[in-house]
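A.B. asks: Here's the letter readout for the chains.
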Amino acid sequence: MNPFPTRNDDLLQAALDGEMSPEERIEFEQWLEGDARARERFESMQRLTSIVEDVGLVVAPPDLAAAAAREISLRKTRDVRNESSARGGRAMARKTMIGLAAAAAVVLVTFSITGYPPIGKGTEGTIGQANRYQAAQPQLSASDVKLGDTAVQAFLQSDVFDRLMKDENARKLLSDASVRAMLADGALTQSLRDQGVARALNDDAIKRMMANDALRRAVADDAVGRALADDAVRQALSDEATMRLLSDPALQRALQDQGVARAVNDAARVQGATMEAAKKAANNDTAMARALKEPALVNALRNEAAARVLAHDALAQRFADAAFVAALNDRAISSALRTEAAARVFSADALRKAISADAMQQAVSSGLLGRAMASDAMMRAVQSDAFARALMTPRFAAAVGN
Amino acid sequence: MLTNFSPRAVYLDQSADDGAAVKRCLNGEPAAFEVLVGRYQHIMFNVALRMLGDYEDARDAAQNTFVKAYEKLGTYDPERRFFSWMYRILMNECLNLRRRPATEQLGDTEAEVSDSSDVDAVEAAERKRDVRQAILSLSPAYREVIVLRHFAALSYEQMSEAIGVPTKTVKSRLHTARQQLASELAGWMHR
Numbered sequence: 000m001n002p003f004p005t006r007n008d009d010l011l012q013a014a015l016d017g018e019m020s021p022e023e024r025i026e027f028e029q030w031l032e033g034d035a036r037a038r039e040r041f042e043s044m045q046r047l048t049s050i051v052e053d054v055g056l057v058v059a060p061p062d063l064a065a066a067a068a069r070e071i072s073l074r075k076t077r078d079v080r081n082e083s084s085a086r087g088g089r090a091m092a093r094k095t096m097i098g099l100a101a102a103a104a105v106v107l108v109t110f111s112i113t114g115y116p117p118i119g120k121g122t123e124g125t126i127g128q129a130n131r132y133q134a135a136q137p138q139l140s141a142s143d144v145k146l147g148d149t150a151v152q153a154f155l156q157s158d159v160f161d162r163l164m165k166d167e168n169a170r171k172l173l174s175d176a177s178v179r180a181m182l183a184d185g186a187l188t189q190s191l192r193d194q195g196v197a198r199a200l201n202d203d204a205i206k207r208m209m210a211n212d213a214l215r216r217a218v219a220d221d222a223v224g225r226a227l228a229d230d231a232v233r234q235a236l237s238d239e240a241t242m243r244l245l246s247d248p249a250l251q252r253a254l255q256d257q258g259v260a261r262a263v264n265d266a267a268r269v270q271g272a273t274m275e276a277a278k279k280a281a282n283n284d285t286a287m288a289r290a291l292k293e294p295a296l297v298n299a300l301r302n303e304a305a306a307r308v309l310a311h312d313a314l315a316q317r318f319a320d321a322a323f324v325a326a327l328n329d330r331a332i333s334s335a336l337r338t339e340a341a342a343r344v345f346s347a348d349a350l351r352k353a354i355s356a357d358a359m360q361q362a363v364s365s366g367l368l369g370r371a372m373a374s375d376a377m378m379r380a381v382q383s384d385a386f387a388r389a390l391m392t393p394r395f396a397a398a399v400g401n
Numbered sequence: 000m001l002t003n004f005s006p007r008a009v010y011l012d013q014s015a016d017d018g019a020a021v022k023r024c025l026n027g028e029p030a031a032f033e034v035l036v037g038r039y040q041h042i043m044f045n046v047a048l049r050m051l052g053d054y055e056d057a058r059d060a061a062q063n064t065f066v067k068a069y070e071k072l073g074t075y076d077p078e079r080r081f082f083s084w085m086y087r088i089l090m091n092e093c094l095n096l097r098r099r100p101a102t103e104q105l106g107d108t109e110a111e112v113s114d115s116s117d118v119d120a121v122e123a124a125e126r127k128r129d130v131r132q133a134i135l136s137l138s139p140a141y142r143e144v145i146v147l148r149h150f151a152a153l154s155y156e157q158m159s160e161a162i163g164v165p166t167k168t169v170k171s172r173l174h175t176a177r178q179q180l181a182s183e184l185a186g187w188m189h190r
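Sequences listed follow chains H and D, in order.
When the count follows numbering that gives the first Met the number 0, it moves up by one through the first sequence with no breaks and lands on 401 for the last residue.
When the count follows numbering that gives the first Met the number 0, it moves up by one through the second sequence with no breaks and lands on 190 for the last residue.
Warning: the hint list may mix true and false statements.
[To be verified] Computed list of lysine-lysine pairs in DSS-like fashion (alpha-carbon distance at most 25 angstroms, straight line): (1) K75(H) / K22(D); (2) K22(D) / K67(D); (3) K22(D) / K71(D); (4) K71(D) / K75(H); (5) K67(D) / K75(H).
Calculated from the structure, these hints are not laboratory results.
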């Protein structure tokens, strides 16, 4: 077969396709008249055209246009939902920081008003300082600064307080009547009198944390009010261990990561209340905190699907288990968690229960399961309830572990 | 005279003002897109059907094409033909959907009745099946020129713009594709 048409081939094809100029048509007809083989070729190609076009057109599916319109509409709705969910995620991220770290910052802010903890006798020298800031910030009333009740001298003269007062966000927060009402709550003040809190707040790490813009912005969130209204949170704030934990630079870095924030917030949503997340975080949840310091886990949580999976309470409890956290470092498990399929798999109650079983823990920590999860077939299998039930048995775990 | 020059079939409404519909759509009148879908759904579906050989895949390809065209409407260059722009999207969709071997893709909707007592009808059905199969056996580059010429009735110039190759290449591909089809369908051409 010649892939390069000759002049006559060109004419023949143009004739077939109705693409000839008048001059070409004259030339073509003269050629056909004098060449029987040319006539035969042309008839053959006409026959080919005829049988090809005889296949005909098929009527388009009657619902094609409607289906396309429906899909366009669905995608638009999904986009709007995703956009609003992304906005929600950002809002929740702030609340997470409140739950895990910013509550400590609120305590610090509280000191700027309540003047607690007492660190020595004599508050006379503080009056000038207090008045100076009161003048600069007229929205703070004299009653907000309880000089007789506390020894605020050291604090009011500290760099931290100075930075706070120069910070517009902090000033806005303190000028908010509802925030001040919350901070005036007797029970809260009582909890703040704890010496453990006082020591923690004198810690340089906490001061550095307060210098962080993101954390200070978090303080402005209304969730602070809800968190501090809870007895468990107040109690936790007086726990020295919690404060030490919150001052850990690695944890602070983790908390500032959007993925981690989303993960912890999603846990709150699953439980149906932001308050639960705040309580859980404040209740010295060291296992969760330690886990969040693992770089591999933080990386995994940057993925939304993985975050949803790992945020579930049943899994969060497992963060206390070193083997479980080590398993999360497994590249295959980490990759698997990034898929929507994994998110669906882990959403099944049965599987979550299975994961809570000790036998399953051994299997997860073996690394073999991680590699298996990288396979599509495994992911499909794992979605069945039967598989989840099987996972519960020590026998299965032993098999996987081996 | 032997030359029976029948007029070229016209499946595309060349006078259609697609640019105006696109503009209306971009100006916040999404209903204007329905006009474009209505105008092109038949040809898009048929091109997809001949490229893929499967009714459901063709439906998916055409539907996805309209959805993606809507989403990317802002990138459409009004200097080009709307069909050509949408055709590129369709070809990408067809590539994505071409999962199964072409020989397995003949859809039931096009299955011809083989137990008919009408001999001519049976023969016609067999011929059509063989033609469809012969088209599917062509390489995609040759298949698309045959499909665009015989099932979308595009001119060389329109094909050149849609495919993105010079007119000379279109003609060369058509020539080769027809030679291959003639070879495949030799049995039917001489009956």
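A.B. asks: None of the hints should be skipped; say for each whether it holds.
C.D. replies: Right, here's what the structure says about each hint:
Restraint check for K75(H) and K22(D): the C-alpha separation of about 19 angstroms stays at or below 25 angstroms, so the hint holds. Taking the CA atoms of K22(D) and K67(D), the gap is about 17 angstroms. The hint holds against a cut of 25 angstroms. Proposed proximity of K22(D) and K71(D) is supported: the alpha carbons are some 13 angstroms apart, at most 25 angstroms. For a cut-off of 25 angstroms, the pair hint linking K71(D) to K75(H) stands: about 13 angstroms separates their Cα positions.
Taking the CA atoms of K67(D) and K75(H), the gap is near 12 angstroms; set against the 25 angstroms cutoff, the hint holds.
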